[in-house]
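Engineer: Sequence:
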Amino acid sequence: SAVRERLVMADLYCNPGPMQLSGPLAAGPSPGRVQAEHAERGRDVAEAQAICREVSAACWPGCSGDVLRTALASLRALREHLDVLEERDQAAMTNPVGSSHRRITQVTHEQMLRRDN
Numbered sequence: 013s014a015v016r017e018r019l020v021m022a023d024l025y026c027n028p029g030p031m032q033l034s035g036p037l038a039a040g041p042s043p044g045r046v047q048a049e050h051a052e053r054g055r056d057v058a059e060a061q062a063i064c065r066e067v068s069a070a071c072w073p074g075c076s077g078d079v080l081r082t083a084l085a086s087l088r089a090l091r092e093h094l095d096v097l098e099e100r101d102q103a104a105m106t107n108p109v110g111s112s113h114r115r116i117t118q119v120t121h122e123q124m125l126r127r128d129n
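The sequence shown runs 13 to 129 under our numbering.
To be clear, the hints were calculated from the coordinates, so they are not data collected in a lab.
Model, not experiment: these values are computed from the prediction.
No false leads were mixed into what you were given.
Computed spacing ranges between beta-carbons, pair by pair:
{"id": "1", "residue 1": "84", "residue 2": "14", "range": "55 to 63 Å"}
{"id": "2", "residue 1": "81", "residue 2": "18", "range": "53 to 61 Å"}
{"id": "3", "residue 1": "102", "residue 2": "14", "range": "49 to 57 Å"}
{"id": "4", "residue 1": "15", "residue 2": "87", "range": "45 to 53 Å"}
{"id": "5", "residue 1": "70", "residue 2": "16", "range": "47 to 55 Å"}
Glycine is no exception: its CB is placed at the ideal position from the N, C-alpha and C atoms.
Using the sequences plus the hints, can you model the full thing?
Structural biologist: Structure below.
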């Protein structure tokens, strides 16, 4: 009760509304689950940023050639993976007419060489 009063007085209280136990919203995510998913996403973003800082610190002008080549190969592969995901997301935003319109992406020989090396 004291905690509730403090939350109300500090305007920190958020009422998500009643739980939907039946009807069209019953199968949707609960407010607690949505908050947990957003918190997990925030942790993932922070981890990705930390890894980027670590890679940046490891790739300085005096680092070994092996470190630089390994970092470049990994980052190039990551960039290609992200490009594929972005293309997929872009394709999902467009609505093809009929089922005969499908998007097929073929990797070129040069792309395979860059990916595998």
